[in-house]
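Number of protein chains: 2
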Amino acid sequence: MKIVIIGSGNVAYHLAKAFSQKNIPVTQIFGRNELALKEISEEFKIPFSTSEIAHADLYLISVNDDSVETISAKILNENALVAHTSGSLPKEILQGNYRKASFYPLQTFSKSKELQYEEIPFFVEAENAEDLEVLRNLASQISKKVTISDYEKRKYIHLTAVFACNFVNHLFARAKEISDSQNIPFDYFLPLIDETVQKIHEIEPKSAQTGPAVRNDQRVLQLHEALIKDEEHLKIYKTINESIKKMYEL
Amino acid sequence: MKIVIIGSGNVAYHLAKAFSQKNIPVTQIFGRNELALKEISEEFKIPFSTSEIAHADLYLISVNDDSVETISAKILNENALVAHTSGSLPKEILQGNYRKASFYPLQTFSKSKELQYEEIPFFVEAENAEDLEVLRNLASQISKKVTISDYEKRKYIHLTAVFACNFVNHLFARAKEISDSQNIPFDYFLPLIDETVQKIHEIEPKSAQTGPAVRNDQRVLQLHEALIKDEEHLKIYKTINESIKKMYEL
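Going down the list, the sequences are from chains G and W. Residue numbers for the first sequence follow the UniProt record's numbering, beginning at 1 and rising by one. Residue numbers for the second sequence follow the UniProt record's numbering, beginning at 1 and rising by one.
Hint data in this document are derived by calculation from the structure and do not stem from the laboratory. Please note: incorrect hints may appear among the correct ones.
As the list makes no split between identical chains, a pair holds if one copy fits it or if it spans any two.
What the hints assert, rightly or not - Computed cross-link-like contacts, DSSO-like style, restricted to lysine-lysine with a CA-CA straight-line distance of at most 30 Å:
{"id": "1", "residue 1": "LYS246", "residue 2": "LYS17"}
{"id": "2", "residue 1": "LYS111", "residue 2": "LYS246"}
{"id": "3", "residue 1": "LYS199", "residue 2": "LYS22"}
{"id": "4", "residue 1": "LYS144", "residue 2": "LYS113"}
{"id": "5", "residue 1": "LYS206", "residue 2": "LYS245"}
{"id": "6", "residue 1": "LYS206", "residue 2": "LYS17"}
{"id": "7", "residue 1": "LYS2", "residue 2": "LYS245"}
{"id": "8", "residue 1": "LYS153", "residue 2": "LYS111"}
{"id": "9", "residue 1": "LYS2", "residue 2": "LYS238"}
Bound conformation, chain G alone:
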């Protein structure tokens, strides 16, 4: 099976790397950013092009959500299977007379970070059973955790990830504003953060909840509200505490 990867960002880079580690040949890596393509090409010995998409059996589109539709229209091979790697787009966003699919790795990717690919969940979707099997087999060569998932389900997977990762990161950013205001290095909080995450590997997050809201500790809750100077911090403080109280029926 001839595979072309379209895109040169973090996801494209890690797909190329994962395939390379498993000796799965990639025919070409195609995109606009010549510098980024060249780097991937050299590191994993994959031909690249910025002008002409090679003929292949499977095209994997790993570009920004906004660009998937446009770039998908450039694939003119009607015998191909084309999959995008976005969590929040339906396969029908793809514009062409080919078989459409989705090949979604649930992870946040940075080029510089080593990842354990076998632990990354892949969610695959296709128009027919045969294509589904092709994608499932491919993903299974990289990862132990491959699931068939239609767009309805994938939307919720993405929403869960927004809560558990994007929003969590934002809380770190807001927390750092508070520690910065007192000249306390944010690094001091990393062991506590690591431990908070370690805990949910072993127990349900609902059972692991600590802090003033779940104790319904009015003294500390009022103390904190008086301490908080930033309007956005206060909104978050009140919203999350209310949500904690609702969850535990306090």
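With chain G's structure known, arrange chain W on it following the hints.
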């Protein structure tokens, strides 16, 4: 120096363990819960009592915030130094004619979890320089990260921890409700969560932000709002996204 630990919960357990590992003798562990005291006593060879507090130079009170005041009144030794381990109480909460102090380890403790004590930040406060030195020395035998911190500063440390840990855990709990609703194992999100936290060991959380809000991706934001059925989820979704937009001036 004779040390007595008061309390038999998670913090008391880990203080006893940390002292034991560094061969710092503890004269007694005192509390109400005989079973818990017995376990600590047997594991670390420390005498325990539920009836009479032993004479000591330093008393470390590691009980629930609500109980600190009451139990502190039982220490009648006027020559002693008494410190509590709470992040959110002033040292003046202690009721007695002794020298008052605070000895605050910034970590979330479970008995069953091994911890690297040397990485746990300790914040110490006392009435005079000599006591401060005693506590700083003691903490330094356990940890590499010991800081002098008055109550004003400690309040903000605790508030930061609430955002970075208690609130983060609640987001995990809410995220799990979403994945549960689709029968997707929450375990699938753990590699992504781990990676999200790993990232902030290397780059500022503000620079690490991803997701639809920071991209100002109206399509996905609207899609998600339509997907969310739970009122509390929706409040969190809107509040955090608003806060992200404010932070990046979108």
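When no copy is named, should LYS2 and LYS245 be tagged within, between, both, or neither for a Cα gap of at most 30 Å? neither (54 Å within a copy, 42 Å between copies)
First find the shortest C-alpha distance between LYS144 and LYS113 inside one copy, then the shortest across copies, and answer within, between, both or neither for a cut-off of 30 Å. Classified as both; 20 Å inside a copy, 28 Å across copies.
Since the copies are identical, ignore which copy is meant and state whether LYS111 and LYS246 lie within 30 Å (CA to CA) inside a copy, between copies, both or neither. The answer is between: 28 Å across copies meets 30 Å, while 40 Å in one copy does not.
Should LYS2 paired with LYS238 be assigned to within, between, both, or neither, using CA atoms and 30 Å as the limit? neither (54 Å within a copy, 44 Å between copies)
Give the relationship of LYS246 and LYS17 under a CA distance limit of 30 Å: within one copy only, between copies only, both, or neither. neither (45 Å within a copy, 36 Å between copies)
Can you tell me if LYS206 and LYS245 fall within 30 Å by alpha carbon in one copy, between copies, both or neither? Both ways: LYS206 and LYS245 sit 12 Å apart in one copy and 28 Å across, limit 30 Å.
For the identical chains here, do LYS153 and LYS111 meet the 30 Å Cα criterion within one copy, between copies, both, or neither? within (28 Å within a copy, 38 Å between copies)
Between the shortest in-copy and the shortest cross-copy C-alpha distance, which are at most 30 Å for LYS199 and LYS22: within, between, both, or neither? Classified as between; 26 Å across copies, 33 Å inside a copy.
From the Cα coordinates, with 30 Å as the cut-off, is the pair LYS206 and LYS17 best called within, between, both, or neither? between (37 Å within a copy, 27 Å between copies)
Checked against the numbered hints listed earlier, the structure breaks hints 1, 7, 9; every other hint is satisfied.
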